[in-house]
Structure formats: C-alpha cells, structure tokens
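Asks: Place chains B, C and D on chain A using the hints.
First to last, the sequence lines map onto chains A, B, C and D. The opening residue of the first sequence carries number 1355 in the working numbering; numbering runs sequentially from there. The opening residue of the second sequence carries number 1355 in the working numbering; numbering runs sequentially from there. The opening residue of the third sequence carries number 1355 in the working numbering; numbering runs sequentially from there. The opening residue of the fourth sequence carries number 1355 in the working numbering; numbering runs sequentially from there.
By construction, these hints were calculated from the structure, which means they are not laboratory data. Since the structure is predicted, the reported quantities are computational estimates derived from the model, not experimental observations. Any given hint could turn out to be false.
Just so you know, same-sequence chains aren't split out, so a pair can sit in one copy or run between any two.
Stated by the list, open to error - Under the rule of at most 27 Å between Cα atoms (straight-line distance), these lysine-lysine pairs were calculated in the DSS-like manner: (1) 1652 - 1444; (2) 1387 - 1559; (3) 1648 - 1666; (4) 1648 - 1665; (5) 1571 - 1384; (6) 1571 - 1387; (7) 1652 - 1666; (8) 1652 - 1665.
Number of protein chains: 4
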Amino acid sequence: MESLAIITSGGDAPGMNAAIRAIVLSCHAKGIKCIGFYHGYNGLIEDECLTLTPEMVRPILQYGGTILKSARCPQMHTDDGVKNVAKTLKRHKVDSLVVIGGDGSFRGMMALQSYWSGRLIGVPATIDNDLACTDSTIGFSTAVSTATHAIDKIRDTANAFERVFIVEVMGRHSGHIAFNVGLATAAESILSFENCPSSSLEQVKLSLIEQIQTQQKNNHTSFVIVLAENLWPGGAQGLKQTLNDTANIESAVCVLGYIQRGGSPCPEDRILATELGIEAVEAAYSESGVMIGKEQGKLIRRCIIAATEQKKPVDQAIHSVYQTLT
Amino acid sequence: MESLAIITSGGDAPGMNAAIRAIVLSCHAKGIKCIGFYHGYNGLIEDECLTLTPEMVRPILQYGGTILKSARCPQMHTDDGVKNVAKTLKRHKVDSLVVIGGDGSFRGMMALQSYWSGRLIGVPATIDNDLACTDSTIGFSTAVSTATHAIDKIRDTANAFERVFIVEVMGRHSGHIAFNVGLATAAESILSFENCPSSSLEQVKLSLIEQIQTQQKNNHTSFVIVLAENLWPGGAQGLKQTLNDTANIESAVCVLGYIQRGGSPCPEDRILATELGIEAVEAAYSESGVMIGKEQGKLIRRCIIAATEQKKPVDQAIHSVYQTLT
Amino acid sequence: MESLAIITSGGDAPGMNAAIRAIVLSCHAKGIKCIGFYHGYNGLIEDECLTLTPEMVRPILQYGGTILKSARCPQMHTDDGVKNVAKTLKRHKVDSLVVIGGDGSFRGMMALQSYWSGRLIGVPATIDNDLACTDSTIGFSTAVSTATHAIDKIRDTANAFERVFIVEVMGRHSGHIAFNVGLATAAESILSFENCPSSSLEQVKLSLIEQIQTQQKNNHTSFVIVLAENLWPGGAQGLKQTLNDTANIESAVCVLGYIQRGGSPCPEDRILATELGIEAVEAAYSESGVMIGKEQGKLIRRCIIAATEQKKPVDQAIHSVYQTLT
Amino acid sequence: MESLAIITSGGDAPGMNAAIRAIVLSCHAKGIKCIGFYHGYNGLIEDECLTLTPEMVRPILQYGGTILKSARCPQMHTDDGVKNVAKTLKRHKVDSLVVIGGDGSFRGMMALQSYWSGRLIGVPATIDNDLACTDSTIGFSTAVSTATHAIDKIRDTANAFERVFIVEVMGRHSGHIAFNVGLATAAESILSFENCPSSSLEQVKLSLIEQIQTQQKNNHTSFVIVLAENLWPGGAQGLKQTLNDTANIESAVCVLGYIQRGGSPCPEDRILATELGIEAVEAAYSESGVMIGKEQGKLIRRCIIAATEQKKPVDQAIHSVYQTLT
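Next up, chain A with everything else stripped away, as it sits in the complex (with noise of 0.2 Å):
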C-alpha cells in the first residue's frame, strides 16, 4: 500500500479528529502517503485535498469537529456522483480510502464498490451510537457526558421550582443517548424509540402523567423527562402542548440540540478512535468493504453491509435498570 486517503462524512463526531490523528501517524510509521480530502465525499467528486503530515495531526487529538470538514454529500445518491469519486481516487493512485462516519456515510461506501476497485475500511463515528458490530461509535461517549451536564445543570432549576421538564436529547432514530443520558442524571422518565413504540404514545401518556401526578401528591420535587428527538409528535413542545392540554400539567421545555456533537472528546471517545483509526490503517492492506468496531474489548472488522443493515439496539440491562428506579 503506497498511498491511503482519509473523509470525515456525515454529521461530526467528537473525536473524528483523534481518528484522522491515528490514522496519519500509523500511515507515516509505515511510509504510506496520506492524503485527506475535504467536505466528505464532495471533496472527493470536486477534488479538493491535501497531503496530510504528522506536524499537522499531533496538536488535534483534543479538539471536536474535523479538520477535513464534513458535510452530507446527495450526489451520491447519483451514478454521475459516485463515477465522480472513483476518478478521483483513480488520479491520485489512492489504494484505499478509510471512511470515518456513520451509516450513510458507509453507504456511500458499498455505492463506489462498483466503480472502483481499491480497498474500502470505515470507522464508525456517529454520536448517535446506532450502528451495529461495534459497542460504541465515535462521539457517543462525549455527547452522553455533553448531555449529561447540561441536565444537571437544568435540575438545578427544576429543584428549585419543583418542575417538570422536558428535555429533548439527540440519537435520530434510537434512544442509546436517551437511555444512558437518562440513568445517568437520575431521569424521572425516558422517552424513546425502545420503550414508546408509536402505537403506544396514548398509553405512554397516560402512564406519564400518572406518574408526575403521583409524585407531585407525594412531595415537592423536580420531575425531568428526557425526550428522544424525532419521537413525540411535535417533539418536546408536542408533549408539553399534550401534558397541558391533557392533565393541566405545566412543564418547561429544553432542546439540547447541536451542542451534544461538539466539545473536546472525552478520553473513552480518544482512546477510541486513536485504536480504531490504527486498526484502519492495519486493515487497509488485505480487506475491503469492512467496518473496524470494537466489542467486547476486542477490536474487530465486519462487512459493512452488516454493520449498515442493522441497527444496534440499546442494552437490554440499561432498560431493566431504568425500570428498576423508577
């Protein structure tokens, strides 16, 4: 292997930037050229790159975001879009391309398995921890503890008004950041995909003011739901819309939002992405069409279709934990 490229793509991940550091210093180790390209797989249609040094990776291990900037990228949707890319890596003598992403991202991957024969590697980076094959994705560590703080933050004030609050956590279609977010800072009630099936929201309702209805009979206290986003029809204004229309039932509302993809990545999310993005670069030389994930304290490599086509579900234990409390 002469010469590795590198894309971040899709949404950022805390610790994308320790995987790009790994990445280049175990390709430098080994005398294999690494080029990074911009904007994910637009960079690579329109060509915009540049060779990566270890001068320019040793000060980022620490700093969210991406270096390489990232983006969603619709011309891959397109044949035009994909024939682009392999062009792309054609020019430049690329023999593989390490992807650090997450699902959509890696489907970009399988799309330019048709048009272009080089070696193919992702690593799973994605705060919303969602892929299989891996216990943990780039970023979720870091947005759990982003999350984590700001609710405790918000207890203070539900404490000291004794008030129901409504906070919508990130994870787009399943609760990993919901449920540990939620154990973590002592939530009254979780709101996800695994415990609120949509059929269910009338009877999910009904338990939940029940519950605060119960709690507020028995003391002053805070009640915090933590609300999985994409969940409640209206989201977190929907459901305090419905808990005052419902019952008469006033809570105060707050959107976590983009700040759970930034921040300095927390150590978990570090050490990370520095062993997968090295595992990458090892895998680079004889396999293609993996993910590298790590399970069970063992690193690992899939086939991406494996990793894609499923989606992980949320621990069973942390559901028997949470039912447990409350």
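Replies: Okay, now just chains B, C and D, sitting in the frame of chain A:
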C-alpha cells in the same frame, strides 16, 4: 436586630446558595437568628420556613439552584397577598427581610413597605444582569460562562460544516448576556435590543444577509449569530425562516435555554454573592428599602426604587469592541 | 432479607454516592430496610449509623465523595476489631452487608466471614481500576477524565514553552490510569509498572533521554511524560533530577494528586455504579463472599478471593497502541 | 503607522491568544501590517517571525497558550541582547511593538527604549494579577476558575475523610489567586503574604493549629488550607511537616501547579484580552512606554514604570470578607 429572614425569589441564579450561606454565617457570627422561607414570597404567605444553621449552609457555596427553592408569586400583586406576608413576618418577629432576586422580587419589597415596618434589603441575583446600581448581578457571570462553553461546542460543528448557526441566549429584555457571550465566542453577529431596535429589524435583516453572503463569497467558514431572546419575531426559528425566505440562506438553530440558569457558580459569582450577602446583614441593622450592589469595586447601598426603575444599559465599550471586530 | 447495611470503605471514588443511591432505591422497592454505617468499618465498630431513605439519596447521584464518609480501618487487621463489627451487625439484625470499596476493603470482608454468618457482597469502587473480575471499577473513568483535562491544560503551557513536563498520576501499583491518560493526551512517553519493570529503570532512562533529544533536534515542540506514582525513585521530582543530572534536560513537574479522586462522576461511572448497586441487592438474597462486576457488557458475580488475589493487567491492546504511536 | 509587531513573553496566561487575535484583526481593519515574533524577546533577537493574517487568528480566541510561543529571555539583561532586538525591529521597519506579558516583560520594554525609538505598548497578561494600573490581568480569572474547580474536587475527598488538606496555589509573590480561590472554595484558612508576613509565621502556625483543633473538637468535617506558593518554608510539604511535628495533625498535600496556567480562557479573560488588544493598537499610534489597563470599567493607559514599580495589593474588601466568615 434579633431575627433576620431570607427568601430567594423569581428566576433562580447560580450563586443564590452562596448568598444564603454568607448571610447565615454572618448572622451566626453576630448572634442573629436566621429564618429561611421557602418558595419566595409564597413561603411567607403560607408560613413555610426553617431556622438556618451554619451546618446547613457550609457545603452549599458551590451548588447551583437554591436550597430555599424559588417561585414566582402572583399573590404579591394583590393587597391580600402582601398583607399575609406582613402577618407572617410579624408572627415570627422578624426584624429584617433579605430578598435575593431580580426586579420583580424587588417590586414585591416595595409593596411590602406599606404593610410592614421591618427593614427590607435586596440582594441582586438574576442571570440577566439588567438591574441598575450594580456592575454585575449574582448569576450573570456563570450564565455567560455556560453559554460561552456551549457555543464553543457549537462552533466545532459550525466549522466542520461551514454553516450558519443561530444561537438564542437568555436575557429577557436586555442584551448583557448576548453581547458578552457574543464577544467571548467571536460571534460573527450579535443581535440584541441595543443594536437592533424593533423599528430597524428590516434594515438589520438586510445588513445581516449582506454580511453572511460576503463572508461566504470570500472563504469557507462558519458564521455564528448570537440572538437575544424576545428580540426577533418568532425567535431563532423566525430568524432562520427569514434568512431562508429572503435570501435562500440555510442555517441551524440552537436555543440554549435553561442550562444558562443552573450549574455550579463560577468564582466571580461565588465571591460577589458572598460579599453582597455579608453586606446585606450589615445594612439590615440600619437601613431599609435598599439594594446592595457593587460598583467599580466598592460595595454600595442604593434605594430599591432607583435599582428597579431604570435598566442598566450594556456597556458602550462592549458595543464598540464588537463593531471594531466585525 | 429484611435488613441490608452499606459501608463505603478505603479511598473514596467518584460514583460511590451513585452506588449508595441505587442500593437504597432498590431496597426500598423490595421493602428491605437499608442502614448506612459511617466511616467504613469504623462505623460498624463504633455503631455509627442511620437508616437510609429514598429522599436522602435522590439528589446524590451526581456528587463526588460519599455521604457515608470513608476511612481506612486498622482495627480490621485485629480479631477484636472484626468481632466488634460482627457484633454490631448482629445487634442491628443485618442480613446482608454491602461493602463499596477496593481490595483492602474486600479483605476486611473475608476476615469478617469467620465471625459473621450474614451475606457479604462487594461493589468495586476505586479510581485505580486494579481489581480483577470487572472491566472497570467505579471511579476509574472519572479519574481518567479529570487527569486528561488537567494535562490538556498543561499541554498549553508545554507547547507555549516547548518544554518537557513530567506529570505524575495516581494508580497505586498499577498503570490503568497512566496508560489511559497517556493515550488520551497524546503523551510522548508513558512510564508505568507494565512497561518499566524496576530492574530496567536504567534502560528506560537512557531510551527516554534519547527520545527527548531526538525530538528536540527535529523540531521545537513539547514533550509530556505521564508517570505512574510509586514507580520512579523519588517520584516525579526524582525523574526530573535524573534527566537533569544525566543529560542536562530541563523539565517541569506536576503531581496531579487528589484532584483525581473527587468531582462529579462522569456518566460511565454513574451508570456502572447504578448497575452494580442494583445487582448487589439482587445478589444479597442468595450469595455471599462475592463481588459484583461487569465484564464484556454483562453483570457477573465472582468470589471475592478471585477478585482480590490477582491484579487486573492493563489491556495489551493499550500497550500496543502506545507503541505504534510513539 | 504601517507596521506593528507583537510578542508574548514570560509565563504564558490563558487569553494571550485572544489578545493576539484582537490586535491582528484591529491592524487588519486599519491597514497595518502585523508581524508576530516567536518565543518572546528571543524571536526578536534571532529574527524568527511571521506576518499574521486574520485567517490565522480567527479560530484562536478560545485556546490557551500562545501561538507565538513564549519564553524567558536572559539576554534582555545585557546591552547586546537589547541592541539586537532593536536591530531586528529596525530591519523590519516596525513602527510599534506590543508586548503581551507580565512585569519582567515590561522591564524589557524599558530597556529597549534606550536603543529603539519606535512606540512600545504593554498588554498585561499574567495569571498572578500582580501588576498595578489594571484591576485584572489577562489570565487571572481563568487561573482562579481552574484552581477553584480543582479544590471543589479535593473538597469531596476532604469531606469523605474529614481530613485536613493543604492546597498550594500559584501567584509568585502576591496573594490574588490565594485569596480569591480561598473565598470561592470556602477554604477554612488562607495563608498568603498579605496576612502572613514572614516575621509572624510562628504566630500564624499557632493560630492555625488552634483553629484546626477547635473545629475538629466541634464536629467531624474537612479543613482546607489554601497556601500561596513561596510563602511557607518548604512549601506545602513544609507546612504539613510543621503541623505534624508541632501538634500531631495529619494532613494531605496538593500542589496545583501548572494546570493553573493553561486551559481555555474564561469569558472574562477573553473579553478583557480583546478590549486591551484593540486599545493597544489604538494607543500605538501616539503613545509609547505605556501599559493598557482596565480600571473600574474603563480602559486606561499608564506609564509602564508606574505599572511595574508597585505591586497591586489584594483588595482590602476580600481580606475582611475572609475574616468575617472564618
């Protein structure tokens, strides 16, 4: 003085606990009994209280929220409500009442003066920093710090995606938080009451659009707008819509919300709260109807009317710094 | 089971309060009386205790330290001490005792087995992470996080001055903290028991000096050495002296010390402590002499002897990552 | 003015980068060329520099350290060194030199006045806050914040073990950090130059011991001593030894050290650095030998001699607060 009562009233602010601690320790040193009433004026109406001891307040300096709880109290807008507060104070033989809160809480003090002859002392605590007669209110510095660190995280994503972000910060009807946070985060634009009078929003819109388009032409980069709450019609979402409809500019929205109210107070707020708390007890021997403030490094006592009648403007210097750099 | 007692023992670790909370809430749900004894085994000797209620533990999840206090207890090395503990447990009709602590605390449990027939359950809590039979101990993740953020700050100065820094981290006689923190901060060198056996210190010294000199020749830059406590003769100051005496290399020293023990637990420790606490109550119905652990995502119960007899080695993968990148 | 040069000199302080950014952007707006020299005065002696552009400084506001590096420069104590600095400045046709640093750096400015006729402007940046003619120096607020949060963590352990802790903080020969951190952390004792003249250490020791013993008699609780560096013979370890030898009081030691110098600047330091930086460029048109300061909310220009000749005392109010509460 034999007996002093405390309430925390209105929106909670980080450092309220530090003020309570200072007052209690100061009373203890002087042999004054210190009574805390819960839930702001409500606790005075319903006679919900406890005697505060040094042991209770020793560990609370560093905690957000308020151990005395807080609340709005609509009954204080009625004569009956105010009379009931006076009754409770007389029943407990309270000599002085210290109210820790913002301008709404201080207006309650003024109403109370007609029905109660004890001494009334105000301690300014609100994250909005909109009270006159003090350079800074308790909680302001922490709120600025929390919002600043949140936008630092958002900047990571903004940079990675070279995107426009609209971040709405608190401040009710004044721009202290907006301007300080804007400068501290190198916001490309700060939109607040002071530089965007409601009559000029059309003009503001056009020059904002021009600024964004100029920057986007010159270089790929992020653009962060810090927006004061209650300023733009429809808030941050309204501004997003406006930018999109008028100039086809896409943007992302983040409403920081309640995280700005909570959290462990920063050292500035801990020290300010401690100084104001001690001085409040000192003042309670001889004065009434005054707010304790700190201006230009000196503790002062000002008539509560002066403190609430006028709003403290945002420092002119801050304006001009912002203009120099953008 | 009608009555369960808890102590926190040995060095405190962030997350101990979260474990207490989980145990108390879990007992409450099952109708078991829960008694907390203060100051570790000392409180059992001197019968210093209180009945723990859900109200007491609701707010403590996020706080460092332990509401039950902790202490070393030399009397547990004597038969009389152990007998007195047994007496107190009998007097209170305790069915099960849960000990939250490290290996010293667990050895106390083993001694107690001879004099008390109740059930004994261990919950592993120590920042050192040196216990076998669990991937992580309560407090370890927070300690790594605190040390990492501290070194991030030190790196600023190290970079500004292009200087060599020796940063000593905790860990008693194992390198879990040193290796994880070293990787998370991109330390140029990690010196710990695992890669620096005492017989090889002379060799380590020479290769460290060579590494520093090579780097200083090639470019101006900082050099951070993460040093495990108890490793180098004279500690960090000893190593500084050695570098100066042997090779005229100047360096600055920072001993992170006790800040690593405290602080609000990170989400990982809050969740781990909650899971282990719940499982401890579950186990206390039927087992004794076991430690609750979590390995590869699963809660396990292991004989306390196995957990204390062997030390958990630092993950081999971590070693090899470090070697790849330096 | 066509050309302005900047150095950062002496101990680094959080906010130096914010000052550099403000100066560069301000120069850019005025059409002035801005040259940065590396490593303080050393870069001026060895002509190590680069032209600073807005693009370079846009992202640095929030970062600790200094992109221009810093260093002590012993050669500035010799005529030859100073002459070489003057030569470099002439060679680059520099009209004004802005020195960001502390009193040592400002003394270098004074020496330079004899050999160079350009304009010299000082911007006060040191965590010690010991410069006169400004209420606060750049970096002080961040250092207080870092030390405060560190002691918050130590307090957890101190409480858990009901133990005496001696925490040594920076400040060189003044107690600004010690007093502010001590108040912000509710330290039971603050030992600094201002309240412990070297002639009275014996007396201080006795009253400290009495204070500890009284508290230990009255209740189980922690006792935190904040100790200024360079005060006690043998530092924190010396004081620990003294307490042990004289009164058999056990204590634990923590020297916070270099973590106080680094880290992302807090909002106060970011804003102060920005204001001072802008004003420095303004002043550089017409003045020389002045330091820019901010007193009582107003930007001022003071003769550099006045700023360095006297040390700014710790606010008397802070003293008296401390006395009231302990």
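Asks: All hints are to be evaluated individually against the structure, with a verdict given for each.
Replies: Going down the list of hints, with the structure as the test:
Taking the closest pair of Cα atoms, residue 1652 and residue 1444 never come within 27 Å of each other, the shortest separation being 34 Å inside a single copy and 46 Å across copies. In this assembly of identical chains, residue 1387 and residue 1559 lie within 27 Å of each other by CA distance neither inside one copy nor across copies; the values are 57 Å within and 33 Å between. For the identical chains of this complex, residue 1648 and residue 1666 are neighbours both inside a copy (13 Å) and across copies (20 Å), given an alpha-carbon limit of 27 Å. With identical chains, the CA atoms of residue 1648 and residue 1665 are at most 27 Å apart both within one copy (16 Å) and between copies (24 Å).
Proximity of residue 1571 and residue 1384 under a CA criterion of 27 Å is satisfied inter-copy only: 22 Å between copies versus 67 Å inside one chain copy. Taking identical chains as interchangeable, the C-alpha atoms of residue 1571 and residue 1387 lie at most 27 Å apart only when they sit on different chains, with a minimum of 24 Å there against 67 Å within one chain. Proximity of residue 1652 to residue 1666 under the C-alpha cut-off of 27 Å is found in both arrangements, the shortest distances being 17 Å within a copy and 16 Å between copies. With identical chains, the CA atoms of residue 1652 and residue 1665 are at most 27 Å apart both within one copy (20 Å) and between copies (20 Å).
Comparing the model with each earlier hint shows violations of hints 1 and 2; every other hint is respected.
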